[in-house]
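Undergrad: Listed here are the chains, written in short residue letters.
2 protein chains.
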Amino acid sequence: MTNNGFHVAVVGATGAVGQRMIETLEKRKFPIRRLTLLSSSRSAGKTLTFKNEEITVQEAKPESFEGVDIALFSAGGSVSKQLAPEAAKRGAVVIDNTSAFRMDPEVPLVVPEVNKEDLKKHKGIIANPNCSTIQMVVALEPIRQKYGLKKVIVSTYQAVSGAGAKAINELNEQTKAIINGEEFTPAVLPVASDPKHYQIAFNAIPQIDKFQDNGFTFEEMKMINETKKIMHLPELKIAATCVRLPVAVGHSESVYFEIEKEGVTARDIQELIKTAPGAVLQDDPAEQIYPMPADSVGKNEVFVGRIRKDLDEEKGFHMWVVSDNLLKGAAWNSVQIAETLIEMGLLK
Amino acid sequence: MTNNGFHVAVVGATGAVGQRMIETLEKRKFPIRRLTLLSSSRSAGKTLTFKNEEITVQEAKPESFEGVDIALFSAGGSVSKQLAPEAAKRGAVVIDNTSAFRMDPEVPLVVPEVNKEDLKKHKGIIANPNCSTIQMVVALEPIRQKYGLKKVIVSTYQAVSGAGAKAINELNEQTKAIINGEEFTPAVLPVASDPKHYQIAFNAIPQIDKFQDNGFTFEEMKMINETKKIMHLPELKIAATCVRLPVAVGHSESVYFEIEKEGVTARDIQELIKTAPGAVLQDDPAEQIYPMPADSVGKNEVFVGRIRKDLDEEKGFHMWVVSDNLLKGAAWNSVQIAETLIEMGLLK
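Line by line, the protein sequences give chains A and B. Residue 65 in the working numbering sits at position 65 of the first sequence, and the numbers go up by one each step. Residue 135 in the working numbering sits at position 135 of the second sequence, and the numbers go up by one each step.
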């Protein structure tokens with residue numbers, strides 16, 4: 001860092017997450033000397049605003065990273081695979097929001113509330129976990145720390161923005177078409193590059209990302225494998241079912257978990273969440289207080305409620321976890337990693 | 001039954017379920033001599049069509065059931081509590097779609113594919129289970145029969161029509177308001193009689209029915225208790241999280257279950273569902289085939305897919321179960337109970 005801040009690059013600046021990254025950098029007053037906005041050649045030439053200044057988006061190339069201190073990537077896995085090593089080679093610290101490097105044993109996969117110590121081992125690339133994973137581990141980590149964690153079964157209720165700006169547009173246009181009794185042709189969801197596309201408006205699609213040979217989707221396997229890596233729990237029993245909903249922003253999760261310790265009450269778990277970093281307890285059934293995606297939009301926190309003890313398993317509990325998937329699930333966690341690198345003295 | 005059919009009464013005829021009951025009776029060519037349509041005084045006087053004939057809806061009173069053979073109730077628990085015994089006293093067999101009598105040990109709670117033998121013990125009132133319970137037990141029963149069933153953890157994705165015609169209207173009006181950038185005031189969901197109401201359009205509400213002291217909602221406890229009763233499994237370990245979605249019709253469920261037997265594969269479960277009564281297997285990930293609520297509308301069957309073995313528990317499996325909550329979840333199951341009573345010679 002020079003005296004007046006870092007040279008930051010945002011790759012995928014025109015996307016749903018890229019735009020939230022730029023907003024978050026501004027809102028957090030991140031120490032920026034220079035901001036370089038990069039994208040595919042298709043979006044290059046557009047202008048975006050940062051601190052009331054217009055910045056022209058440039059096509060991302062290896063040379064774009066000369067002199068860059070921090071590069072935030074969110075332009076798809078293939079772009080990251082090609083350009084993140086180029087950025088790292090030129091001395092930038094890459095914080096990558098794609099799945100390209102997440103399971104690479106050489107790459108730290110970090111949620112600052114959970115495993116910021118892993119940042120110390122980085123070799124130029126740091127991976128930002130999958131959106132649905134991040135919010136879950138923020139809620140589970142304080143529980144693991146105090147009571148141990150044996151098993152997790154999660155069913156997700158995910159917003160379309162996780163599939164990008166095109167998916168948000170598809171939800172809006174389809175909803176209008178249905179309300180007006182007009183025809184429409186699904187073209188984006190569940191997976192743009194898969195052969196079949198289905199209606200998302202007033203529907204629920206039990207497929208996020210492509211199917212794997214074991215019958216789970218890649219999104220489900222991301223939740224399973226990333227949770228184990230972030231929490232340093234390779235033996236954790238964990239399963240996921242991931243479902244796309246007609247919600248623009250805000251992922252929700254129904255999480256069943258079993259702890260190691262006996263004699264713990266729902267009240268004990270609530271007390272833990274109350275003081276957990278990055279989490280907010282919204283849990284008062286008598287007052288109908290629980291988290292909902294519509295309330296989470298634009299907020300950095302992970303909201304937790306509906307905490308209750310299983311009726312059969314002494315060590316089993318249920319909870320409902322909600323967060324803005326574009327912020328804590330993506331842009332905010334990436335910027336937070338950058339802030340944490342600075343705090344820990346890991347960025348020069 | 002006289003030679004030319006039964007005298008059938010539908011109580012709550014103008015409601016979302018009542019209308020589906022009338023349509024289902026017509027579609028199934030149910031042997032009807034006379035159809036009496038009943039409602040609250042508020043809706044009395046409206047006319048509804050059955051087999052191209054206009055029938056005027058009358059206010060439901062004890063005397064309305066004189067001469068009635070079969071009375072299908074779906075007008076809310078308090079109406080059933082008051083009038084179902086009056087109908088039974090006058091010789092009608094009551095099939096009640098409310099929660100009023102479901103857990104009464106004297107009242108059979110029936111899903112014909114699962115426990116039609118229980119009909120033999122009826123004393124004038126038969127209960128139709130909760131919508132979210134019915135579709136789940138249709139999928140679980142063939143599995144229980146062959147492999148035993150130890151544990152169930154379900155997270156639901158429920159349509160607003162489960163809360164009645166007013167809730168469907170609220171979803172539609174709110175969606176329009178949001179798209180047009182207009183103001184709106186939630187007034188029906190999650191529970192009309194609860195103090196607080198929340199946005200359902202583009203949102204997910206983790207409350208269906210009122211909260212109980214144990215932190216579970218009544219809807220969740222219905223799924224837990226009714227499943228045990230219908231499947232004759234008082235010792236079953238079962239938990240539910242019930243969530244309302246911006247979907248008009250069609251409930252979905254993410255179901256984790258553990259069986260008794262070892263060495264069973266996902267393929268074995270798929271083969272069972274393929275030939276299970278009332279169920280349709282829609283499960284081919286390679287072809288992106290899985291059930292979705294939008295596809296279930298207007299169909300009597302329960303659709304099952306995403307069947308896969310848990311990655312940690314040898315006896316654990318996951319599946320995704322979808323059905324039209326107004327049909328198999330309510331109107332069709334009620335009419336099916338009536339048809340089964342006739343088949344079994346239990347209706348004179």
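Where hints are given, some of them may not hold.
What the hints assert, rightly or not - Below, computed lysine-lysine pairings styled on BS3-like, alpha-carbon distance capped at 27 angstroms:
#, chain 1, residue 1, chain 2, residue 2
1, B, Lys-27, B, Lys-51
2, B, Lys-27, A, Lys-315
3, A, Lys-261, B, Lys-237
What the hints assert, rightly or not - Cβ pair distances, simulated, as ranges:
#, chain 1, residue 1, chain 2, residue 2, range
4, A, Ala-165, B, Ser-41, 26 to 36 angstroms
5, B, Ala-44, A, Lys-210, 50 to 60 angstroms
6, B, Lys-274, A, Ala-165, 54 to 64 angstroms
7, A, Ala-177, B, Gly-345, 13 to 23 angstroms
8, A, Gly-148, B, Glu-173, 25 to 35 angstroms
9, B, Glu-343, A, Glu-313, 35 to 45 angstroms
10, B, Lys-196, A, Gly-345, 22 to 32 angstroms
Bear in mind the hints are in silico, worked out from the structure with no lab data behind them. Beta carbons are placed, not taken as given, at the ideal position from N, Cα and C, and that holds for glycine.
Undergrad: Using the Cβ atoms, figure out if Gly-148(A) sits within 25 to 35 angstroms of Glu-173(B).
TA: violated, 48 angstroms
Undergrad: Would you say the C-beta atoms of Lys-196(B) and Gly-345(A) sit inside 22 to 32 angstroms of each other?
TA: The hint (22 to 32 angstroms, Cβ to Cβ) is violated, given that Lys-196(B) and Gly-345(A) are roughly 47 angstroms apart.
Undergrad: Taking the beta carbons of Ala-165(A) and Ser-41(B), is their distance inside 26 to 36 angstroms?
TA: Since the Cβ atoms of Ala-165(A) and Ser-41(B) sit about 52 angstroms apart, the hinted range of 26 to 36 angstroms is violated.
Undergrad: For the hint 13 to 23 angstroms, verify it against the beta carbon of Ala-177(A) and that of Gly-345(B).
TA: violated, 51 angstroms
Undergrad: Taken at face value, is the distance from the CA of Lys-237(B) to the CA of Lys-261(A) at most 27 angstroms?
TA: Status holds; Cα separation ~20 angstroms.
Undergrad: Taking the beta carbons of Ala-44(B) and Lys-210(A), is their distance inside 50 to 60 angstroms?
TA: Taking Cβ atoms as reference, Ala-44(B) and Lys-210(A) lie about 55 angstroms apart, which means the hint holds.
Undergrad: Hey, Lys-27(B) versus Lys-51(B), does the alpha-carbon distance stay inside 27 angstroms?
TA: Holds, because 9 angstroms separates the two Cα atoms, which is no more than 27 angstroms.
Undergrad: Given the hint of 54 to 64 angstroms, is the C-beta distance from Lys-274(B) to Ala-165(A) inside that range or not?
TA: violated, 40 angstroms
Undergrad: CA of Lys-27(B) to CA of Lys-315(A), is that 27 angstroms or under?
TA: violated, 49 angstroms
Undergrad: With 35 to 45 angstroms as the target window, see if Glu-343(B) and Glu-313(A) comply at their CB atoms.
TA: For Glu-313(A) against Glu-343(B), whose Cβ atoms are near 41 angstroms apart, the range 35 to 45 angstroms holds.
The structure is inconsistent with the numbered hints 2, 4, 6, 7, 8 and 10, although it conforms to all the rest.
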